[in-house]
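Using the hints, build the complex out of the two chains.
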Amino acid sequence: MRKVHLLTLLVVLALVISGAGAALARQEVTLTLMGWSSSTAENDALMAQVEAFMAANPGIKVNVNLVPEYDTTIQAAFAAGDPPNVFYVDSSKLPDWAEAGVLASGEGKIENLEEHYESLLEAFTYNGTLYCPPKDFSIMALQYNKDMFDAAGLEYPTPDWTWDDLRAAAEKLTGTDAEGRTVLGLVTPPNFERWLPFLYQAGGSVLNEGWTEVTLDSDEAREALEFYVGMVRDGIAGPPSAVDAGWGGEAFGQGRVAMAMEGNWVIKYLLDQFPDLNWGVTELPKHPSGGQATMVFTVCYGVAADNNHPDESWKLVNFLTGAEGSKMVAEQGFGVIPPAKSAAETWLQAIGEEYGAGFLAGAPYAHKWQFPVGFGEVFDTFNSGLQLAFEGQALPEDVIADTAAVAEEVLAR
Amino acid sequence: MSEATRVMPKKRITTMAAKKRQEAIAGYLFMTPALIIFLVFLIIPIGAAIYLSLTDWNGITPVFDKGAFSFVGLDNYSDLLRGYHTDDAGEIVKATTRQKDFFIALKNTTYYVLGVVPTQTILALILAVILNQRWLKARGFFRTAFYFPSITSSVVISIIFMWMFTRGGLVNTTIQALFSGYDNNQFVNWLDDPRGVLHILLEQFGVSRTSVGDWASNRVFGLTLWEWISGPSITMSTIMILNTWTTIGTMMVIFLAALQNIPGSVYEAAAIDGANAWQIFRRITVPLLRPTTFFVVTLGLIGCFQIFDQVYVISSGGPAKTTYTIAYMVYLNGFDRSAMGLAAATAILLFIIIFVFTLLQRTIVKERANI
Chain A
0 MRKVHLLTLL
10 VVLALVISGA
20 GAALARQEVT
30 LTLMGWSSST
40 AENDALMAQV
50 EAFMAANPGI
60 KVNVNLVPEY
70 DTTIQAAFAA
80 GDPPNVFYVD
90 SSKLPDWAEA
100 GVLASGEGKI
110 ENLEEHYESL
120 LEAFTYNGTL
130 YCPPKDFSIM
140 ALQYNKDMFD
150 AAGLEYPTPD
160 WTWDDLRAAA
170 EKLTGTDAEG
180 RTVLGLVTPP
190 NFERWLPFLY
200 QAGGSVLNEG
210 WTEVTLDSDE
220 AREALEFYVG
230 MVRDGIAGPP
240 SAVDAGWGGE
250 AFGQGRVAMA
260 MEGNWVIKYL
270 LDQFPDLNWG
280 VTELPKHPSG
290 GQATMVFTVC
300 YGVAADNNHP
310 DESWKLVNFL
320 TGAEGSKMVA
330 EQGFGVIPPA
340 KSAAETWLQA
350 IGEEYGAGFL
360 AGAPYAHKWQ
370 FPVGFGEVFD
380 TFNSGLQLAF
390 EGQALPEDVI
400 ADTAAVAEEV
410 LAR
Chain B
0 MSEATRVMPK
10 KRITTMAAKK
20 RQEAIAGYLF
30 MTPALIIFLV
40 FLIIPIGAAI
50 YLSLTDWNGI
60 TPVFDKGAFS
70 FVGLDNYSDL
80 LRGYHTDDAG
90 EIVKATTRQK
100 DFFIALKNTT
110 YYVLGVVPTQ
120 TILALILAVI
130 LNQRWLKARG
140 FFRTAFYFPS
150 ITSSVVISII
160 FMWMFTRGGL
170 VNTTIQALFS
180 GYDNNQFVNW
190 LDDPRGVLHI
200 LLEQFGVSRT
210 SVGDWASNRV
220 FGLTLWEWIS
230 GPSITMSTIM
240 ILNTWTTIGT
250 MMVIFLAALQ
260 NIPGSVYEAA
270 AIDGANAWQI
280 FRRITVPLLR
290 PTTFFVVTLG
300 LIGCFQIFDQ
310 VYVISSGGPA
320 KTTYTIAYMV
330 YLNGFDRSAM
340 GLAAATAILL
350 FIIIFVFTLL
360 QRTIVKERAN
370 I
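As you go down the protein sequences, you meet chains A and B in turn.
Under numbering that gives the first Met the number 0, read the first sequence as residues 0 to 412, first letter to last.
Under numbering that gives the first Met the number 0, read the second sequence as residues 0 to 370, first letter to last.
Just chain B, with the same shape it has in the complex (with noise of 0.2 Å):
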């Protein structure tokens, strides 16, 4: 008896020991796969990228070449970035067309993020609290319905988004339709219109370029800010339309789930005391979902800053550069421009952005759970 406790004891502390290391090892090896995954495809590409946009590679001499690029330190972000300055002579550097073109790229993303992110937030969460309604019939039918474009290749949606937006095309004839005065010479050329929104909104109050004086000539970043304050142009309008419908279905599907979590005590106990409807929406519904709000504003901060495969698809970057976007401008510069050094440099400061942007709504969101 006194043998088996002394030995029992220190037998079973190595087997548990050996249990541990075992399952640290199972574990480890359950991982692989993924961590793998993970290094091959995201941990070395990123490393790559910002390996290569210190260097002047062209995208087409194979990489491991001798002599394929050569080391040019920050010069591609100063490309970028660096804009109307005097060198070291003293003389003044005008911008550059690269890092107009980024500029330009990064107004029009802006504008973009700016229209699409509340608009498809708002309209997600409008969606999933009707669909979240007991008296509505055959619920599942919508819900397949709302999400469906976002299972469709975007690629598909925007071709047939082009010919709805064609001049003569749906969308123009159900408006003249509607309204009589609206005839075939006024046609909105929906894919093909460089003028920004806002520049057209200010001329119905007959604000114009002449009208508005000297300052609105001023360069910032190798843009008038005349320019700046351009809002999207319409052909970038048609591809914000589109794209808050075909991401709207996901958006509300998350709201949905979350919407389903609020326990239903919490609706009654506003009820007793008495909340209307919209009180309960306001005060109950929104509060509580905004851990979700934060997240799907977050993906679509995210995604929005990306976009690429619209603006590939029906406009190319046309008309006059105005749906340039900063994804757009890394294809732009690796493929058809032959300067991937240049291309990485844009893609890391896309990253950087997105960065930026998710870390400031994060404080803004948590401040606000604060107060």
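Chain A extracted, bound-state conformation (with noise of 0.2 Å):
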């Protein structure tokens, strides 16, 4: 009898104790992520995901945190040895952090891998390892004012637009507004990722596949650059500052210029501060031997590789990137595109065929935005030159020599 109780008694304690440890663990996983602040629609969809997530995942509480000046928080986390859980990392960004040993691998981890864009994933794997699924990308297309277009008697862009199209629409597109102010054909931001597309364009390059050479003092490269530095030498061009903007979208929006390059995050942008510019997206122009090439700019979740809930950092990730966690980012309609293939129609469909279709366009064949570590020089002395070369103070060739020379350093370092 009371050998029984004692048996009994064991047996309740040992069930007490395993439940409440049960209970005990669904309640301790805490996650936290981070990322930087966006729109507040954007970040509402965040938000919306994350309680989709905890909701089908009770045993896992998420945190996140959006903060502003994004990059320096989180190089302070990572130095300080104390990173969150899952967090957003920029393609260009990806060479640092791998090579600095943060990230976790992402290699069987990632779900739904034929899901995603193959450009996509290229842009997340280094060194051969893919580390992280991309969560939304954007990518750069020729947006044009129809009015302009109309009041000078000229046809819409197409796909099919060479450089000489573009050029010859800028220098008629030029001229000024009712208040005669300059308008532009065409602007033109001094910024290296700006201008890579005309490079790929014209079959030019930055760097050999495996990135152990510099390949951009090339006769591509300069035909490129004098091509985008002449547009604006004649006149028919100019940086946002030379109408009064501060970045093309804006440029664009005020009807200073006809035409702009920029990315899709210039939707919503547009359509939310110029409902009444009747405008339009195109595929940008191609070379005229027929080279095609665009920019992409995308950022993945990544996970920390200093982490004590791995699986559920996995689970939260593949989640937010998967087939349903894209679908309700998609169904929002935002500028930015979300990651899954199938996702992308519910995008087109809520931010409108007539504006989303140009960029989308561009994705099976865009360069990814990622170069080596330390490349920021690299650019920086290109930008700098580019500025000098807008104002008639730099040759176009001198520029490619300079940022060539200081690549080969970089990458000799």
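Since the hints were made in silico from the structure, they are not lab data.
All values reported here derive from a predicted model rather than from experimental measurement.
Incorrect hints may appear among the rest.
Across the chosen pairs, the derived CB separations fall in these ranges [as the list claims (entries may be wrong)]:
(1) A:N111 - B:F350: 47 to 57 Å
(2) B:I301 - A:E117: 48 to 58 Å
(3) A:K60 - B:T357: 51 to 61 Å
(4) B:E202 - A:N62: 55 to 65 Å
(5) A:E353 - B:F350: 56 to 66 Å
(6) A:D43 - B:Q360: 52 to 62 Å
(7) A:L394 - B:Q185: 20 to 30 Å
(8) A:N62 - B:I36: 22 to 32 Å
(9) A:K145 - B:L200: 38 to 48 Å
(10) A:L394 - B:D213: 13 to 23 Å
(11) A:V66 - B:D64: 20 to 30 Å
(12) A:A177 - B:I158: 21 to 31 Å
(13) A:D43 - B:I158: 20 to 30 Å
Below, computed lysine to any residue pairings styled on SDA-like, alpha-carbon distance capped at 20 Å [stated by the list, open to error]:
(14) B:K93 - A:D401
(15) B:K65 - A:G80
(16) B:K93 - A:A404
(17) B:K65 - A:A304
(18) B:K93 - A:L410
(19) B:K93 - A:A411
(20) B:K93 - A:A400
(21) A:K314 - A:P57
(22) B:K65 - A:N306
(23) B:K93 - A:E408
(24) B:K93 - A:D216
(25) A:K267 - A:K326
(26) B:K93 - A:D397
(27) B:K65 - A:E98
(28) B:K65 - A:D81
(29) A:K145 - A:E353
(30) B:K93 - A:A403
(31) B:K65 - A:D305
(32) A:K367 - B:D335
(33) A:K314 - A:M327
By construction, the Cβ of each residue, glycine as well, lies at the ideal position given by its N, Cα and C atoms.
Spelled out as structure tokens, the structure:
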């Protein structure tokens, strides 16, 4: 009798402890997700995604921490050895962070690989290791002001346009507006990444395949830069500051330029800020020889290497980037395109075919925005030279030569 | 009585000593919070910065991890300072980009300091003297108004200045209203013009890169002599105007306090001797303010050499690297280029520069005081 009692007691005790343990374990896991703050609508959508994840996984709690000055904040967290479990990784930052060993490898962890665009997965592969699945992406395309094209009696741009068509149209569209202010044909930001499509279209490249050699100092590069700078020197294009704007989208929205080459982040901005603007989108023009290229800017969800809940972290990442998570973002129709191919159609519906299609069309042939560690010096050298070239104080060929020299120096480091 | 006198002093001495010790302990206890803050937020970080400047830490890998960085000696410093030289094999090594960037930053910062420090000191002194006049009505209002920019967030002010100085902004339209010849097409692009003001000035006298001869192509620390004499760019000048305006208030308040400390009898004596207003200002006010002027100039030097936030907000180092400053390079190296060791070395060099300038200025002021 006594024995039986003891046994029951033990069984009950064991049950209680294991039950409490399970309950405790369910409550215990708290993940931190760090990112930068975007528009309110986008932040809300992320919160909705996270809520859905928590509802489906009662044992996991997710704290979302969206910070301003993201790069410095997260770098300090890395350096202090206290990183968030899951965080945004811009494709341009991936080499730095992978090299520093703060990113967990995604090999064997990422589900639904076939769901994602090849070019995006490639942007998050470094030295043969896939690190993280894409969160969203943006692609550069050509925006044009329909009213200005109509007024000038020009046909709207098509994907078959070449550099010559772009130049000819920019020439015709340059003039003054009703208030006597200058209107330029095209806005040409003085940035390396805005010029890169022209380099790739011309058949040039910055580095060879394995990032071991600098291939920038080429005739293709000189041709591409002479074309880009030439339009500015001839007064038919200019940087945003030449038309009182902070960036290309603003210049385009204010009607101070007839064409711009922004990414799909511009859609929401233009629709919200300039609802009366009559505009369209098409793919970037080709090189006269037929070369086609654009840039893709993308962000992924990285998982910290120093992580006490790696499995739960990957579960969250796979949910956010999977078909279901993607669809939740796609339905909202923000500027950014959701990562899963299946969600692209939903996104197109939500944002409007007329605006979205031109951007999405570039996905298959887009180049990633990613260079080796320390390439910031190369960009700065190029941008600085480009600004001088716009002013007529430097020659495009010298800018190419200087930039290539710095790139070689950085690679040799 | 005798017993008491024998015992009393002995007892007193012990209490005195105990009291002294007690007081000392209390004193240190009172200082502890300040000392801890001083140690944790100043001494340790400075020590860490010096140590890190001798490593190749990338600023990302957790700093206490094994293998997070390796010791590289003075490599970071030679990267920044050692230019065109011949290596052990006798081959000529050109200036690296890191070195060029550092000297571009040094050049820009020097022009910035040369422009801002004298301007803000002189203007602050003039303002203070005017505000010190008894005949001036509403002095309190003016004092507040002039001091206001100093207590406003520099980021907010920078953004407002950006709006004012855009191509079609308030500044250009005001100039246009005043001078009808200044039309739309020649608007100065304040925020995006890399041309140096000295270059522009020289051009007015027909002096250009091609007309000065070959000496201008000689390179000193990676930059040509012609580049060295560019002066601040238009964009840097805009930032200089902004910063002069914001700091004038603080300097003015310091001058005002010093002015009110000059006894009225000195002025009376000067007036009786027949000195006019200018003579009183030149021979009484300025010499008596010398310690304050030293303080203001030192404060200005330190603040100006550390110029960062306005550059970060307004120009991000552009156009064409003309607003790179040393403090901005610290940020760029540490956070944009993943080279925290190099950033630490840059910061140490900045500290040395400021230290040397302050010492130099101290000796100058002392020598002048002795004359």
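Open item on the list: Hint by hint, where does the structure go against what was stated? Just the numbers, ascending.
Closed with: none
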